[in-house]
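S.K.: Protein chains in written order, with our numbering: chain A, 15 to 632; chain B, 173 to 313.
It is possible that some hints are incorrect.
[To be verified] Going by beta-carbon spacing under 8 Å, a handful of chain A positions derived as facing chain B:
1) Phe104
2) His106
3) Lys248
4) Ser262
5) Ser417
6) Ala418
7) Met420
8) Ser421
9) Met422
10) Leu425
11) Tyr430
[Unchecked claim] Here are some chain A residues the structure puts well away from chain B; computed CB gaps all over 12 Å:
12) Leu423
13) Gln439
14) Val609
These are calculated hints, taken from the structure and not from any lab test. Yeah, the Cβ is synthetic: ideal placement off N, Cα and C, and Gly gets one too.
These are the residues of each chain, in order.
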Amino acid sequence: MDIINDTIKQQIFFRKELRERVYWFIKLRWVAAAIGLVGLAAAHLTGLRLPLGPLVGIVLSIIGYNIIFLLIGRRLLSTRPAGVRPYHIFAHVQISLDIISLLLMIILTGGLASPLLIFVIFHIVLAGMLLSPVSCFGYTFMVLLALGTLLLIRPEGLLHLETIHIGSHFFFHQLQHPELVISYLIFAMALVVAAYLITSVKVTLRAKGRELLIISKQLDISNTKLLALYEMIKEIGTKTRLQELMDSATHNAARIMGVKACSIKLLDKDKKYLEFASSYGLSQEFVAIDRIEVDKSTINRQIIEGSLYSIGNLDEEDYFQYPNDVRKEGVVSMLCLPLRVGHKTLGVFCVYSGESNYFSARDADFFSLMTDLIALAMEELSQSTAKTWFLNKTAHQLRSPVSAVMSMLYLLTKGYLGPLTAQQQETVARCEKRLSILRDTINDLLTLASENDESRRQPFHPVDAAAVLQAMTPIYLTQAEQKNLIFEVRAAADLPYVLGQERLLDEIFTNLISNAIKYTPAGGRVLVSLSRESVEKIVFKVEDTGIGIPESDLNRLFAEFFRAENAKSMVEEGTGLGLAIVKEVLDQMNGTIRVASQFGRGTTVTCLIPAQRRHGLS
Amino acid sequence: MATIPDILIIDDDRDLVNSVRIILESRNYHVRSAYNGQEGYRSIEEKIPDLVILDVMMTTDTEGFDLAYKLRRNPKYVNIPILMVTGFTQRMADLGPENFQHILSEDWPVSQFFEEPIEPEQLLAAAEALLKGEASYGHHQ
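Just chain B, same shape as in the assembly:
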């Protein structure tokens, strides 16, 4: 990768956004941030990032998913890898998408789930893999 990868963090928890920023900037990635779904979408419209790190619950319980679906349905953005950060990874993996039918209508729209709290080394490994195009569309771990 010749250019510096551009990563967009969308999370309403400023402490988490800052932590993630510090971790990513330590590898000299270019990091942008947004604090809700709308703001995040606008940032994507401005410039398509190489990776989106997205929180599940923001103002609403499903704001993260709503945005992820919106991106997946738009051919312009369908290929952006999405790393979804959640405290519920295990729970969601246990239940599977079929148990979220009332909010979800198809498969998980994200490339990978990432469990909170954020362990720096693991985050960097996951981000690196996704930037290389190793999108797994599966679960973290």
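Just chain A, with the same shape it has in the complex:
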């Protein structure tokens, strides 16, 4: 996909290897020089006749140039040149100098008979490790050429140098002696084989290295894709309408798969037709085609039946009824899967690419995962929409007759249908009262049932609890005044925002305050306050001097429909759902509620609501 990036990555990888080897080489040379010096000393002590002066000179020069290499190496380490070239040149210089030093020492210690000859192999191995195969063989042949020349011109003769004792017989015979030539040829063969082995091992290692790089890159890509998928699922999870969810899904899928277009086709109720429900990157004309009859479209039927559909090149095969339409969209390859949850098929999900054979097996696996997650999200939303629809319908069906009956009763009580006797008037008033309680119960019940669904879908955001409380205060002030109660609201300044929704806070505040007012007799007092408990929590407290709750009833307080006996005797209306709603809402916001009460003296309800930390605000 990204060739330039790939090459750079490979270079970085191999440069690192080369750099490490080059430094290792310098260290190795210290050891070699030390062993050389020790060896020379030992040879001297054992009385071997050697040109000690020149040999020591060579070893010292090795130490000398290694110091220079060390400095160059440090410089390379600090400047970190981008390419591999400086390191290559550095390696070449080192190996050339080493080989020259070694050849000189070989000449001085007996030419082809020198015991140092074997070290040539090590140098070739090193060259093979550090440099390209061509360079390695280049050095091999240069060394062989040098040794061959040595064989021909016998420099030790020219230089009048003493040869060491071992094998010195060889040098009294020249080329006429075949064993010398054979020995040379055997050595040459050994050297070439060594060069061949090391270079082929290295080539294999490089190939493996490259494979590893590719695998690591693929891992990177899938990791990025999975993260993007996670973000996408998080995003579509917040959608409250199926259309928005699908639009977000097609848009995101095209982006994550790196393709030009994406579409969702949905099956109709009878599973006979497919229709474009959402698309990204496709033209209006293409999407506007008539619904597709599943039985007549082989491709779509196969997809719905559950097989992955992947087309590498649309031009090569005859897949479509109207291939020109597809081609006009610039689509060359495509990948399709059924959107399925369990055995239920919702539709078909496709991605389209303008490149031929764009989708790999790995892409298909990933696409399959994505398709399943989208199908799940769609199904989940449809279920919840269906539930909301059902609740709204139920609400209407339950409320309509109650409202109609109440409207008609008003006609009676207000005298529109003629005057009523005192007894009739009283009975109708009782009917009105009972109906209004029924209506409240229905409303509360539906609130409780729909609470979950609606608010869970809406994201939480920072809410100014004090502002919500302030907004509702006037209503309760009036109510309290009518009942002749002292009503006070205190909100601490600079309260942190809570994480939730205005509506949820409203639900908590309304229920608790109206309860307090309802169950506090005239002359009493209701104190409402908002304060900070810690950085992470605020406290909402409602204290009243009302009738209180009997101790035996305290633990049943949050049960749905529960109303304490004394509450029933004081206030007739009341659904018993208020506190259950508050509890449900607080649960959603991760809040807690505590009720302290003294029978006959008053009740204090304390809610702890998680706040948004200050620094998150700005």
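Got chain A; can you put chain B on it based on the hints?
M.R.: Just chain B now, kept in the frame of chain A:
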């Protein structure tokens, strides 16, 4: 107002239609009724009423709104005041038109919402205000 105001009630709940009729006729208004959106539209075509009292949900959930939009888009009927009767007033006011985008495309098309059950005095006050031309295009209360 010299002539007797003509009020059209459109609601599928006959009990409600009758109640509203009784209340309005007590003030000697001329009251006509229709039991669904189509019938209501035909009545309007026959004679433009001075006020329409309209239910939100009839055969379909949005039948009342559909009719209200139809009237608002027709220059002939755009000025008829509409009093929309609903059990959902508070809920709708809470949510606001932006939350009904899937069924609504613009502002509320009605002059005023009226909450069920119908309290006679309040209905008469609202009707009177609308007949006088005090169209608020806002919410009831």
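S.K.: So which of the earlier hints does this model not fit?
M.R.: Numbers 1, 2, 3, 4, 12 - these are the hints that the structure violates, sorted from lowest upward.
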